[in-house]
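Taken in sequence, the protein lines are chains Z and F.
All residue numbers for the first sequence refer to this note's numbering, where the first residue is 1 and numbers rise by one.
All residue numbers for the second sequence refer to this note's numbering, where the first residue is 1001 and numbers rise by one.
Source of the hints: derived by calculation from the structure; they are not laboratory data.
Some clues are possibly wrong.
Stated by the list, open to error - Derived coverage of chain F by chain Z (criterion: at least 3 residues anywhere in the stretch with Cβ under 8 angstroms from a Cβ of chain Z; other residues may be distant):
{"#": "1", "segment": "1069-1081"}
{"#": "2", "segment": "1100-1114"}
{"#": "3", "segment": "1167-1181"}
{"#": "4", "segment": "1191-1203"}
What the hints assert, rightly or not - Computed cross-link-like contacts, DSS-like style, restricted to lysine-lysine with a CA-CA straight-line distance of at most 27 angstroms:
{"#": "5", "chain 1": "F", "residue 1": "1213", "chain 2": "Z", "residue 2": "129"}
{"#": "6", "chain 1": "Z", "residue 1": "62", "chain 2": "Z", "residue 2": "101"}
{"#": "7", "chain 1": "Z", "residue 1": "132", "chain 2": "F", "residue 2": "1026"}
{"#": "8", "chain 1": "Z", "residue 1": "132", "chain 2": "F", "residue 2": "1084"}
{"#": "9", "chain 1": "F", "residue 1": "1213", "chain 2": "Z", "residue 2": "141"}
{"#": "10", "chain 1": "Z", "residue 1": "143", "chain 2": "Z", "residue 2": "129"}
{"#": "11", "chain 1": "F", "residue 1": "1026", "chain 2": "F", "residue 2": "1002"}
{"#": "12", "chain 1": "F", "residue 1": "1151", "chain 2": "Z", "residue 2": "5"}
{"#": "13", "chain 1": "F", "residue 1": "1161", "chain 2": "Z", "residue 2": "5"}
{"#": "14", "chain 1": "F", "residue 1": "1151", "chain 2": "F", "residue 2": "1161"}
{"#": "15", "chain 1": "Z", "residue 1": "143", "chain 2": "F", "residue 2": "1213"}
{"#": "16", "chain 1": "Z", "residue 1": "101", "chain 2": "Z", "residue 2": "65"}
{"#": "17", "chain 1": "F", "residue 1": "1213", "chain 2": "Z", "residue 2": "138"}
{"#": "18", "chain 1": "F", "residue 1": "1002", "chain 2": "F", "residue 2": "1084"}
{"#": "19", "chain 1": "Z", "residue 1": "129", "chain 2": "F", "residue 2": "1026"}
{"#": "20", "chain 1": "Z", "residue 1": "62", "chain 2": "Z", "residue 2": "132"}
This structure is a prediction, so every number in the text was calculated from the model and none was measured.
Virtual Cβ for every residue (Gly too), placed ideally from N, Cα, C.
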Amino acid sequence: MGLFKISQGRSLWMVHFCTGCGAVEMPPTMTSRFDMERFGIAPMATPRQADVLLITGYLTVKTLKRVIMVYEQMPTPRYVIGFGSCTVNGGIYWDSYNVIKNLDLYIPVDLYIFGCMPRPESILDAFLKLRKMIEEGKANKWKDYIERYDWYKQNQAKLFDVNKWRVQK
Amino acid sequence: MKILLLLGYWILVIIMGLLYMGIARKVTARIQNRYGPPFYQAFLDVLKLFSKRETASHGVMHSLGPVIAFAGISTTLLFLPLGKGAPILHFQGDLFVFLYLIVIGPLGMALGAGESNNPNATIGIARALSLMLGYEIILFMATLPVFVHFKTASIYEVILKQGAFPNWAGIKFPLSMLGGLIALQGLLGEKPFDQPIAPHEIASGPMVEYGGKYLGLLQLWHAVGIIVETGLFIDVFFGPQNILWFFLGTFIAFMLAVVINAVMPRFRIEQAIRFYWGVPLLLVVLGILQYYLWR
Ligand code: SF4
């Protein structure tokens, strides 16, 4: 069991859902200056092979639907990292009519990276923290999504309820 | 007794294959001026993949696909001599069995990926099977003069008759050897012939719907495949005298492919097949002519 935990922590394949402007920090993190592959982190093209869902920035209602679809396709020890202030509290889009303000109402977030936009060092730092959490058995938010599925679905439904939006306008 | 031998053989080849994959990632990283993952990264990846749980299923054939692929390559392994020691199975004509069995891997993956109905997987499969039309012909025609020269159709006998350094078939038939080397690049699926699993275009192609244990099995398939494919090349052209020589040879052949992979862009699929039917075909035809003219 311990060996499995270590291998899960040291081999993190990620889908980076490049929704916002923060995504521009991903290329230097992956390529030769900050080389994230040296920690066993590799970008993957499909959610079925991914362990980490990295959401880089603001999410509109429309993209949130796709994020949930991607998240639910990932095989189960799965982790989410929210990237940038926009995922924490809406960031500079606080007043916007269609940007969500709090990501962990809709999918369980293991870690947040603060900053607008965070530097590559802090991305790597977040991944190393996630690795530590996995090896200590603390990264269990994916179980929370299964246990409180109704609560998450309720929050999502409130947002996606088209009729409610029509009434408000 | 034979079962135990087979198990040892099999585990050794899997370990060596995963090691090669890890070292290949490190070498690629150094060429790209990065530090790169540790050399044991491939072991961690496979271990992790086997510890994951799939959330959805696409049907029975989708799950059986990787098993067929892995079983196919494991059966091919039975015919592969690791150096001068006899392989588990060898008889007159095992070369043809070998060349047939090596195709089962991609076919198994085609069956499995076909059921997922993902368009990316279908494109990947179509590309893999078309590419086979290119390299299989070259591979077969490259080995032909060697087998005719030694008057046998058994890989093991070729090694025995070939002997050590100055008698290498690769030295006697340099043009065929060169053609075989180009075919090997396609067989291994390294750039410029990695159209089937082009991650930036078609999201890893046939593997797009595979995750968790299935992908773990496919990784093992790839690991064994590396040894089997480079092993055929080394066995036929360089007649390895012992197991160390064999692994050194396969390692050098694979690293050559990896180094080319690191600096190459990707062909379009029709360019790749046209390439194979151009220069390499000429090389292997000249190789066969060489056998008849300068015997
Ligand atoms: S946190 Fe800043 S950098 Fe990131 S998406 Fe929001 S506005 Fe862009």
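Hints versus structure:
For the segment 1069-1081 of chain F, the stated coverage by chain Z is violated: 0 residues have a C-beta nearer than 8 angstroms to a C-beta of that chain, whereas at least 3 were required. With 0 residues carrying a beta carbon less than 8 angstroms from a beta carbon of chain Z, the segment 1100-1114 of chain F misses the three-residue requirement, and the given coverage is violated. Coverage of the segment 1167-1181 of chain F by chain Z is violated. Counting CB-CB distances below 8 angstroms, 0 residues qualify, and the rule asks for three or more. As drawn, the segment 1191-1203 of chain F meets chain Z at 3 residues by the rule of a beta-carbon pair under 8 angstroms; at three or more, the given contact holds.
Between residue 1213(F) and residue 129(Z) the CA atoms are separated by roughly 26 angstroms; this keeps the pair inside 27 angstroms, and the hint holds. As the CA atoms of residue 62(Z) and residue 101(Z) are separated by approximately 14 angstroms, the hinted pair is consistent with the 27 angstroms bound. Among the hinted pairs, residue 132(Z) with residue 1026(F) is consistent with the structure: their alpha-carbon atoms are about 24 angstroms apart, no more than 27 angstroms. Between residue 132(Z) and residue 1084(F) the CA atoms are separated by roughly 47 angstroms; this puts the pair beyond 27 angstroms, and the hint is violated.
The hinted pair formed by residue 1213(F) and residue 141(Z) meets the criterion: a straight-line CA distance of about 22 angstroms does not exceed 27 angstroms. For a cut-off of 27 angstroms, the pair hint linking residue 143(Z) to residue 129(Z) stands: about 19 angstroms separates their Cα positions. Distance hint between residue 1026(F) and residue 1002(F) is unfulfilled; the C-alpha atoms sit about 36 angstroms from each other, more than 27 angstroms. For the given pair, residue 1151(F) sits about 54 angstroms from residue 5(Z) by alpha-carbon distance, which is inconsistent with the 27 angstroms threshold.
A distance of roughly 50 angstroms separates the Cα atoms of residue 1161(F) and residue 5(Z); the hinted pair therefore is violated under the 27 angstroms criterion. This hinted pair checks out: residue 1151(F) and residue 1161(F) have alpha carbons roughly 10 angstroms apart, not beyond 27 angstroms. Between the alpha carbons of residue 143(Z) and residue 1213(F) the distance comes to roughly 20 angstroms, so the proposed pair stays at or under 27 angstroms and holds. Of the supplied pair hints, the one linking residue 101(Z) and residue 65(Z) holds, its CA atoms being roughly 15 angstroms apart against a limit of 27 angstroms.
Between the alpha carbons of residue 1213(F) and residue 138(Z) the distance comes to roughly 23 angstroms, so the proposed pair stays at or under 27 angstroms and holds. Distance hint between residue 1002(F) and residue 1084(F) is fulfilled; the C-alpha atoms sit about 18 angstroms from each other, no more than 27 angstroms. Straight-line distance between C-alpha atoms of residue 129(Z) and residue 1026(F) comes to about 24 angstroms, which keeps the hinted pair within the 27 angstroms bound. This hinted pair does not check out: residue 62(Z) and residue 132(Z) have alpha carbons roughly 33 angstroms apart, beyond 27 angstroms.
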